[in-house]
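Undergrad: Residue numbers (the UniProt record's numbering), protein chains in the order written: chain D, 1 to 290; chain P, 1 to 290; chain R, 1 to 290; chain U, 1 to 290; chain S, 1 to 290; chain Z, 1 to 290.
Read the hints as simulated data drawn from the structure, not as lab findings.
For clarity, every value in this text was computed on a predicted model and none was experimentally measured.
There's no promise every hint is true.
Pairs count within a copy or across copies, as identical chains cannot be separated in the list.
Listed below are the simulated DSSO-like cross-link pairs for lysine-lysine, each with C-alpha atoms no more than 30 Å apart in a straight line [as the list claims (entries may be wrong)]: (1) LYS289 x LYS181; (2) LYS167 x LYS20; (3) LYS253 x LYS232; (4) LYS201 x LYS247; (5) LYS67 x LYS20; (6) LYS288 x LYS135; (7) LYS167 x LYS135; (8) LYS201 x LYS167; (9) LYS67 x LYS181; (10) LYS181 x LYS20; (11) LYS181 x LYS269; (12) LYS76 x LYS167; (13) LYS135 x LYS201; (14) LYS130 x LYS67; (15) LYS181 x LYS288; (16) LYS73 x LYS20; (17) LYS247 x LYS76; (18) LYS269 x LYS69; (19) LYS67 x LYS129; (20) LYS269 x LYS73.
6 protein chains.
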Amino acid sequence: MKRVDVLMEALPYIQQFHGKTVVVKLGGHAMIDSDTLDTVIQDLVLLHYVGMKVVIVHGGGPEITSKMKAMGKEPKFVGGLRITDLETLEIAQMVLVGKINDGIVSLIARFGAQGVGLSGNDGNMIIAKKISPKKVVVDDEEQEIDLGHVGDIEEINPELLEGLINKGYIPVIAPIGMDRKGHSLNVNADTAAGEIAIALKAYKFINMSDIDGIMNAGRTRTYHRLTISEAKSLINEGIIVGGMIPKLDACIKCLENGVSYAHIINGNKNHNLLLELFTREGIGTMIKKE
Amino acid sequence: MKRVDVLMEALPYIQQFHGKTVVVKLGGHAMIDSDTLDTVIQDLVLLHYVGMKVVIVHGGGPEITSKMKAMGKEPKFVGGLRITDLETLEIAQMVLVGKINDGIVSLIARFGAQGVGLSGNDGNMIIAKKISPKKVVVDDEEQEIDLGHVGDIEEINPELLEGLINKGYIPVIAPIGMDRKGHSLNVNADTAAGEIAIALKAYKFINMSDIDGIMNAGRTRTYHRLTISEAKSLINEGIIVGGMIPKLDACIKCLENGVSYAHIINGNKNHNLLLELFTREGIGTMIKKE
Amino acid sequence: MKRVDVLMEALPYIQQFHGKTVVVKLGGHAMIDSDTLDTVIQDLVLLHYVGMKVVIVHGGGPEITSKMKAMGKEPKFVGGLRITDLETLEIAQMVLVGKINDGIVSLIARFGAQGVGLSGNDGNMIIAKKISPKKVVVDDEEQEIDLGHVGDIEEINPELLEGLINKGYIPVIAPIGMDRKGHSLNVNADTAAGEIAIALKAYKFINMSDIDGIMNAGRTRTYHRLTISEAKSLINEGIIVGGMIPKLDACIKCLENGVSYAHIINGNKNHNLLLELFTREGIGTMIKKE
Amino acid sequence: MKRVDVLMEALPYIQQFHGKTVVVKLGGHAMIDSDTLDTVIQDLVLLHYVGMKVVIVHGGGPEITSKMKAMGKEPKFVGGLRITDLETLEIAQMVLVGKINDGIVSLIARFGAQGVGLSGNDGNMIIAKKISPKKVVVDDEEQEIDLGHVGDIEEINPELLEGLINKGYIPVIAPIGMDRKGHSLNVNADTAAGEIAIALKAYKFINMSDIDGIMNAGRTRTYHRLTISEAKSLINEGIIVGGMIPKLDACIKCLENGVSYAHIINGNKNHNLLLELFTREGIGTMIKKE
Amino acid sequence: MKRVDVLMEALPYIQQFHGKTVVVKLGGHAMIDSDTLDTVIQDLVLLHYVGMKVVIVHGGGPEITSKMKAMGKEPKFVGGLRITDLETLEIAQMVLVGKINDGIVSLIARFGAQGVGLSGNDGNMIIAKKISPKKVVVDDEEQEIDLGHVGDIEEINPELLEGLINKGYIPVIAPIGMDRKGHSLNVNADTAAGEIAIALKAYKFINMSDIDGIMNAGRTRTYHRLTISEAKSLINEGIIVGGMIPKLDACIKCLENGVSYAHIINGNKNHNLLLELFTREGIGTMIKKE
Amino acid sequence: MKRVDVLMEALPYIQQFHGKTVVVKLGGHAMIDSDTLDTVIQDLVLLHYVGMKVVIVHGGGPEITSKMKAMGKEPKFVGGLRITDLETLEIAQMVLVGKINDGIVSLIARFGAQGVGLSGNDGNMIIAKKISPKKVVVDDEEQEIDLGHVGDIEEINPELLEGLINKGYIPVIAPIGMDRKGHSLNVNADTAAGEIAIALKAYKFINMSDIDGIMNAGRTRTYHRLTISEAKSLINEGIIVGGMIPKLDACIKCLENGVSYAHIINGNKNHNLLLELFTREGIGTMIKKE
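Required output: the full structure, derived from the provided sequences and hints.
TA: If you want it as structure tokens, here you go:
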């Protein structure tokens with residue numbers, strides 16, 4: 001009977017989210033630990049079956065680094081920035097598209113739904129532009145460094161995604177973009193996920209990472225529910241600082257461009273995703289317009 | 001966290017039933033007791049939201065009788081059979097279509113889905129034929145009794161239902177049929193529900209009544225899972241007797257005409273419907289082909 | 001051969017109305033007299049078959065009153081206003097939805113088309129709000145009277161109607177609305193019909209009642225064709241007075257919200273509907289924008 | 001009020017024919033006399049507006065002959081058969097497609113519907129094959145005569161017609177076919193109409209000519225209603241003879257290939273078409289399967 | 001291998017034009033010389049098969065004149081303007097619709113695609129209005145001359161065309177319009193083609209005539225690529241004069257109403273159409289917005 | 001002008017193949033040499049633009065082997081068979097899906113069309129079953145060898161492919177299958193391509209490899225056009241031997257299961273694909289049913 005009560009309590013959320021698009025950025029530990037990933041994918045398949053349109057965007061930085069080392073290729077950094085030469089790009093593509101992406105798709109199948117793995121090359125989905133050289137101080141001297149095959153997103157073509165979603169598939173997207181001449185470029189997964197959420201006019205954008213949510217400077221408090229203006233105040237007042245700020249900014253950009261809710265949750269804890277979506281108080285941070 | 005476990009355990013059932021049509025006959029106590037009806041409708045709305053196509057057929061005998069008495073019209077019986085004169089038919093229609101049916105539709109709205117109330121007149125859905133007079137022994141004498149405006153179902157036109165289901169409505173059907181000249185006739189709700197399940201090629205036919213399931217003669221055992229052949233054996237061996245037999249026969253007719261599963265459950269116990277569908281052992285009786 | 005001439009004379013009207021939506025309010029005597037109703041429904045089925053999209057909204061006040069009395073329930077009025085307690089609402093719903101509405105649907109079937117009976121609960125079609133208490137003078141004292149379960153229409157959701165019309169059904173609508181919590185409310189049938197005509201962007205709104213059309217104060221003249229401005233002048237000049245005014249106002253509201261023509265005709269005279277639509281001079285009153 | 005009665009009497013026929021396809025062969029006098037043609041087209045537009053899907057196939061022999069003479073081209077006949085050389089074919093095409101066909105289309109527009117004129121070349125609709133030379137006795141000698149650009153129909157491609165019908169156009173077809181190399185050929189209009197009725201699985205095939213219907217040898221009796229077997233008996237018994245036989249055979253071929261009713265009526269009498277379709281006794285000959 | 005290189009060079013043009021609508025005006029010599037017409041139609045069928053949506057509008061003045069003479073009807077001119085009496089209109093319709101139009105359709109079939117021949121009567125496509133009498137000086141006296149059944153285009157109804165194009169047919173249109181009462185009128189083919197290009201929001205409007213393109217006054221230079229402003233300058237500076245100006249104006253009207261490119265090419269030279277479309281430098285004149 | 005002649009000569013082939021599905025297996029040298037691959041992809045994009053529905057299935061064995069070595073993983077063979085342990089599978093997936101597949105997709109974009117890269121995991125497209133251990137003689141002793149994560153294809157689910165093709169994408173498929181529990185398996189690319197051609201009811205199956213076509217034992221003759229029965233005779237008579245036989249068998253299997261034509265061509269020679277398809281004599285081997 002407990003089962004029944006739970007379902008009944010979940011009903012209002014299920015109704016509210018029915019038919020809505022949810023773009024989920026998968027990152028952090030879940031990309032390396034297969035048990036964690038299993039749970040997350042199972043949760044997403046559940047969301048799919050109770051009526052949401054789920055789109056997954058994943059990262060994979062640590063895995064790329066470890067595979068590069070396994071292949072005897074030393075990652076290069078200049079002034080703290082990673083240099084992506086052609087060989088690095090190839091390894092990144094192999095790891096992101098061939099290993100992580102295709103692996104998520106088969107996990108989705110294992111839990112009973114149907115995924116379709118995509119890179120930004122597919123259907124010209126993510127159009128990007130090689131980023132300009134960055135000024136970096138090396139040995140007390142400012143240098144202009146070409147970061148290589150890395151791109152800023154210029155445009156999302158959502159037709160392919162929309163077609164797949166409407167036929168009941170779960171698209172899984174690797175953060176590879178393409179310039180207008182058809183050359184692949186590494187793009188930032190967080191940015192890609194946000195832009196895709198905007199292009200799809202998603203209801204929710206969910207960023208799953210290794211932190212429990214937006215916290216104050218002393219990490220003594222997690223903010224579970226924030227409006228845009230509250231979030232901005234907390235930043236202005238210096239209460240939210242450091243790495244929290246770009247995460248918040250990405251959420252705010254989504255909300256200011258048509259997405260209704262943005263969430264930041266810790267993907268490493270069992271079923272955090274469901275707890276965040278199906279309980280009133282939530283477990284991570286939810287930001288909404290007002 | 002329990003909530004999450006429950007949802008995870010429900011997932012395989014949700015997947016299995018996804019997009020499938022379920023025809024539910026609502027009868028018995030639930031037609032009179034509003035708390036019971038609330039729970040049942042809430043369960044059905046949940047089934048709708050997790051992806052099933054729900055169709056409701058309801059009865060209402062006791063309510064008709066009580067309303068007749070309230071209107072000073074004495075129900076007439078000859079040899080145990082109810083006589084449905086024109087006035088009785090009118091009261092039945094008012095109670096079934098105007099009170100019970102429209103009431104269920106507004107309950108569905110209250111729990112967040114959209115219902116459409118129908119009688120068999122709508123879209124020529126239930127075509128029936130006035131039943132022939134019955135031979136009845138009255139005062140030791142056999143008489144032929146005309147039961148009045150009561151019909152046997154000849155044909156179901158499912159187009160209207162299919163159109164509504166595919167647009168996401170929950171059809172709610174009162175057991176009123178129509179003869180080929182456009183005259184209304186009372187039809188048996190169990191039969192109507194079964195025929196509709198067959199016409200819709202439903203996945204499940206669920207009969208909710210006041211009994212816990214199919215039981216043996218001594219009511220010492222409830223059979224939770226039966227195949228058609230097991231059910232027939234139990235009848236032949238005299239283990240299942242009496243009023244249980246027509247209930248079983250109705251289920252078997254469905255199964256032999258394309259329905260995959262038939263269930264008999266007690267609608268008066270809280271959330272029995274979910275327990276029957278979302279647990280392996282079930283709580284009522286499920287009959288399947290083999 | 002006369003038959004043929006008539007068809008030829010009807011052709012220009014048939015062409016003009018082809019594929020257009022016509023919302024017809026059925027009221028008055030036709031709701032009680034079955035021969036009158038037969039003729040009206042036959043006319044409407046003809047309109048359907050020559051290509052119009054017919055939507056019927058009906059009233060039923062007198063029938064409710066008579067059924068209340070039959071059930072030993074005395075209609076209550078305070079200061080001339082009817083009080084609708086829960087029991088009254090139940091009787092109204094039974095009469096409107098279970099008797100009149102379902103009866104019209106079977107008549108439509110009898111004349112060879114397919115109707116679908118609806119209340120405002122179906123598909124959340126008529127969203128209403130309980131009306132505020134009215135100030136009434138009783139025994140020389142002003143009192144605030146709660147009229148009970150009566151609603152003002154807030155919103156029409158036309159999707160269900162549009163779906164049914166496009167599949168060739170004739171929707172028949174009882175004047176029952178629903179508040180946002182799923183409670184039924186009695187609504188005014190004239191208002192409901194007008195709002196539905198507006199929501200469907202109907203071509204014609206036809207109000208069938210017991211009067212021959214808009215007449216002057218002395219009832220010496222019937223106005224067959226009026227523009228909005230002519231109608232307003234006649235009111236301002238005191239030529240049209242009394243109960244004619246709200247009827248005209250309802251028509252004007254439709255015309256000012258996208259309906260092309262509004263008609264007021266006497267539904268009790270044989271085939272008035274066809275005479276009004278298929279002859280140049282008409283037989284009731286037609287109001288158009290200019 | 002007579003108007004109304006007529007409409008009411010027409011209603012059952014309108015219902016019965018609703019949405020059905022009617023292929024009408026227009027021939028004889030109506031092709032030359034513009035008043036007659038006006039009436040016929042008006043009737044067909046009425047059928048269109050009361051819900052039938054009308055397809056017109058027309059002939060035009062006499063008009064071709066008169067235009068040939070006007071152009072100083074003497075029609076050639078050998079042993080009673082017309083020879084169609086290239087020049088004759090060109091004149092036939094100009095008259096049939098450019099004058100008669102386009103003229104019917106503008107008449108349809110004048111009466112308020114939309115026609116689309118077609119030859120068998122359009123959309124590869126009528127695929128024909130040059131007929132083999134005929135043996136003819138000329139001056140007591142048997143000769144093989146090549147009749148020229150005349151074709152037997154091999155295949156009807158109905159896709160273009162179906163597309164136009166479903167969008168509400170009235171297709172008007174000239175009896176020009178095309179061989180598999182794209183050369184135009186004159187084809188028999190009666191045959192073309194019959195084959196098109198079969199290809200469209202039409203409900204009715206109506207042959208409008210200059211005779212009142214199927215008559216006995218002495219022309220003392222017109223048969224208004226016949227079954228296939230009755231028709232065959234009348235032929236076998238020598239009661240129906242001569243030119244009536246090929247007309248009957250064409251109807252029987254339609255009926256044996258899926259058409260439900262075939263009619264032969266005199267197109268020269270005012271509104272015969274409506275009288276045949278909208279009265280029980282009819283005015284020409286109707287043949288049905290049994 | 002040369003074949004392959006050519007295909008590869010054509011690829012970028014094929015890509016650019018894919019799915020785009022091209023309205024081609026066929027006129028001049030090609031209407032009389034069957035070899036020239038063969039080549040042009042073959043080119044158009046190729047354009048169709050590599051993915052363009054081709055619409056053909058043709059003229060036929062010389063052919064009408066020669067057929068009139070053959071029929072002993074002398075063309076009448078007053079003050080240089082042709083008078084189109086009813087008989088002339090009939091001949092024009094026969095030649096344009098029955099001979100030229102149907103002939104192009106069978107040519108299209110011969111080269112492997114499917115055409116549909118249309119006049120402006122079909123689907124009420126070209127609505128025109130009889131032109132007003134023109135003032136003409138005859139024998140030193142100004143007279144008002146009624147040019148007869150000649151029309152100015154008022155409106156294009158593109159629905160029929162759009163339906164045919166989307167189903168893969170090549171529409172072929174004769175320059176016959178219809179007034180609002182259903183009377184046919186001769187219309188100018190160049191104007192009809194331009195208006196149809198605008199109504200279809202075509203990508204290209206191509207005018208095939210007997211000149212090589214837009215040339216300067218001395219005919220010493222052909223302008224292959226022009227912008228609207230360049231064209232206007234050349235006219236203003238008196239470099240482009242005479243009959244070139246109306247041709248340019250027609251192109252400019254298209255470009256200012258949504259068409260992207262207008263071309264003027266000589267249809268008498270083999271495959272000029274393909275050379276113009278599939279080479280960078282082109283062979284006639286292409287005008288674009290800027 | 002040569003350009004134009006070539007296009008005209010290609011037209012009959014373009015017409016014949018229009019709208020037809022072509023499944024192309026890309027293998028051999030083209031998988032390693034980027035210039036060769038460029039040309040092949042350019043050809044395929046041309047086929048796409050002239051109206052064919054192109055589906056690409058690729059291999060990649062040599063690339064996997066070289067990448068394994070680069071990663072310090074020695075390919076293992078027992079008795080001549082490759083052993084695919086988990087690590088080998090991971091490398092294969094990374095190379096096939098992440099490098100080759102995604103690379104082909106970006107090449108397609110570069111040449112102006114839109115590809116979608118897929119593995120058999122996507123949409124549960126290729127369902128396979130781990131192959132049973134093989135008996136192998138090692139050191140004169142027969143052993144049962146488990147080949148590891150290698151699968152035989154059991155079922156193709158073509159829905160995803162069909163959806164993408166109909167929206168104008170070019171699917172690119174890596175030879176990775178999935179067992180019914182969601183585990184990835186290496187599958188043979190030739191077999192995958194053939195099964196996909198059958199599942200899509202393709203018009204053509206084209207196997208591009210490193211040989212010029214089917215040759216006799218002495219490699220003195222290439223057979224350009226063969227029927228199934230001719231091919232079987234040549235095998236039976238010992239004229240075709242060795243590795244040619246499985247290639248022929250794969251083609252024959254396709255032809256016997258609904259594919260119309262099978263081709264074997266050398267993908268390393270410039271534009272062989274177009275020469276094979278667009279010339280009568282062809283350049284490789286074409287096998288058809290009879």
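Undergrad: Now, for every hint given, state plainly whether the structure supports it.
TA: Against the structure, the hints come out as follows:
no. : hint            : verdict
1   : LYS289 x LYS181 : between (38 Å within a copy, 26 Å between copies)
2   : LYS167 x LYS20  : both (14 Å within a copy, 16 Å between copies)
3   : LYS253 x LYS232 : within (12 Å within a copy, 47 Å between copies)
4   : LYS201 x LYS247 : within (20 Å within a copy, 45 Å between copies)
5   : LYS67 x LYS20   : neither (37 Å within a copy, 42 Å between copies)
6   : LYS288 x LYS135 : neither (36 Å within a copy, 44 Å between copies)
7   : LYS167 x LYS135 : neither (46 Å within a copy, 44 Å between copies)
8   : LYS201 x LYS167 : both (18 Å within a copy, 22 Å between copies)
9   : LYS67 x LYS181  : both (28 Å within a copy, 27 Å between copies)
10  : LYS181 x LYS20  : between (34 Å within a copy, 23 Å between copies)
11  : LYS181 x LYS269 : between (42 Å within a copy, 25 Å between copies)
12  : LYS76 x LYS167  : neither (43 Å within a copy, 42 Å between copies)
13  : LYS135 x LYS201 : neither (35 Å within a copy, 49 Å between copies)
14  : LYS130 x LYS67  : both (24 Å within a copy, 27 Å between copies)
15  : LYS181 x LYS288 : between (38 Å within a copy, 26 Å between copies)
16  : LYS73 x LYS20   : neither (43 Å within a copy, 46 Å between copies)
17  : LYS247 x LYS76  : within (26 Å within a copy, 47 Å between copies)
18  : LYS269 x LYS69  : within (29 Å within a copy, 38 Å between copies)
19  : LYS67 x LYS129  : both (26 Å within a copy, 29 Å between copies)
20  : LYS269 x LYS73  : neither (33 Å within a copy, 35 Å between copies)
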